[in-house]
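Q: Here is how the chains run, residue by residue.
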Amino acid sequence: GENVEQHPSTLSVQEGDSAVIKCTYSDSASNYFPWYKQELGKGPQLIIDIRSNVGEKKDQRIAVTLNKTAKHFSLHITETQPEDSAVYFCAAISGGTSYGKLTFGQGTILTVHP
Amino acid sequence: NAGVMQNPRHLVRRRGQEARLRCSPMKGHSHVYWYRQLPEEGLKFMVYLQKENIIDESGMPKERFSAEFPKEGPSILRIQQVVRGDSAAYFCASSPPTGGANVLTFGAGSRLTVL
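For the protein sequence lines, the chains are A and B, in the order given.
According to this note's numbering, the residues represented by the first sequence are 8 to 121, in order.
According to this note's numbering, the residues represented by the second sequence are -11 to 103, in order.
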């Protein structure tokens, strides 16, 4: 089955700096890669996603890049703000799965200091 | 739209008791997923259900765990004879009939503590 590794486990930045979180996956047939933000006491919320036929996607201060050859994808947050502080999870869906059976990374605790 | 509703939000059980966690999907959603999050870990898929059908239970432990999604009422995740290792946050997600992972909506979770 699919295996997703996420790094770093914790990330501390100053307000205004950029933050990058990286994930690798094992199943070359995986075709969908979402990123979730989880705030304390809440469920994960989808913040951005990318499909395997796209190399990069951007939404305001958030961007995701995908390297299919190397089987890794990254989340980039620019101009970080204190409200970006949360746990971020990457995930992947194995090729051939048409429903929401996600394999999650271990999570990154992002702290943005004012 | 109230979103995915889970209850109870917090549940404390002693070893050997039963835990029942309920999930009401978003309006218009008929597919339900259960995920488990152990402390300081990512979420792990447990089971995928449609009304009255278990579609994929490959992530469910073989014993003590069961899930259902009846024709009427919420989906229920049942854990019998709980042990301390069952302490975790259990998240439910739902999606519409035509959607996949890109339209999953997660609930706020039920946090089970086993004493």
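Bear in mind the hints are in silico, worked out from the structure with no lab data behind them.
This one's a predicted model, so the numbers in the text were calculated from it and none came from an experiment.
Careful, some of the hints might be misleading.
To spell it out: a stretch of chain A is covered by chain B in this simulated footprint if at least three of its residues, at any positions, have a beta carbon under 8 Å from a beta carbon of chain B; those stretches are [said to hold, decoys possible]:
id, stretch
1, 24 to 38
2, 73 to 79
3, 105 to 117
Straight-line distance between alpha carbons at most 35 Å, and here's what the computed DSBU-like set of lysine-lysine pairs gives [claimed, not checked]:
id, chain 1, residue 1, chain 2, residue 2
4, B, Lys15, A, Lys49
5, B, Lys32, A, Lys49
6, A, Lys29, B, Lys32
7, B, Lys39, A, Lys49
8, B, Lys15, A, Lys65
Using N, Cα and C, we set each Cβ at its ideal position, and we do this for glycine too.
Q: Is Lys32 of chain B close enough to Lys49 of chain A, meaning Cα to Cα at most 35 Å?
A: Cα-Cα ~16 Å, so holds.
Q: If you draw a straight line from the CA of Lys15 of chain B to the CA of Lys49 of chain A, is it 35 Å or shorter?
A: It holds: about 20 Å lies between the C-alpha atoms, which stays within 35 Å.
Q: Check whether three or more residues of the stretch 24 to 38 of chain A sit with their beta carbon closer than 8 Å to a beta carbon of chain B.
A: Since three or more residues must qualify, the claim that chain B covers the stretch 24 to 38 of chain A is violated, with 0 doing so at under 8 Å.
Q: Given that the stretch 105 to 117 of chain A was listed as covered by chain B, double-check it with a C-beta distance under 8 Å for 3 or more residues.
A: holds (count 10)
Q: Just to be careful, I want the Cα atoms of Lys39 of chain B and Lys49 of chain A compared with a cutoff of 35 Å; is the pair within it?
A: Between Lys39 of chain B and Lys49 of chain A the Cα gap is close to 26 Å, so the pair holds against 35 Å.
Q: Take the C-alpha atoms of Lys29 of chain A and Lys32 of chain B, compute the straight-line distance between them, and say whether it is at most 35 Å.
A: Status holds; Cα separation ~19 Å.
Q: Verify this for me: three or more residues of the stretch 73 to 79 of chain A with a beta carbon less than 8 Å from a beta carbon of chain B.
A: Contact hint for the stretch 73 to 79 of chain A vs chain B: violated, 0 residues under 8 Å.
Q: Are the Cα positions of Lys15 of chain B and Lys65 of chain A separated by 35 Å at most?
A: holds, 30 Å
Comparing the model with each earlier hint shows violations of hints 1, 2; every other hint is respected.
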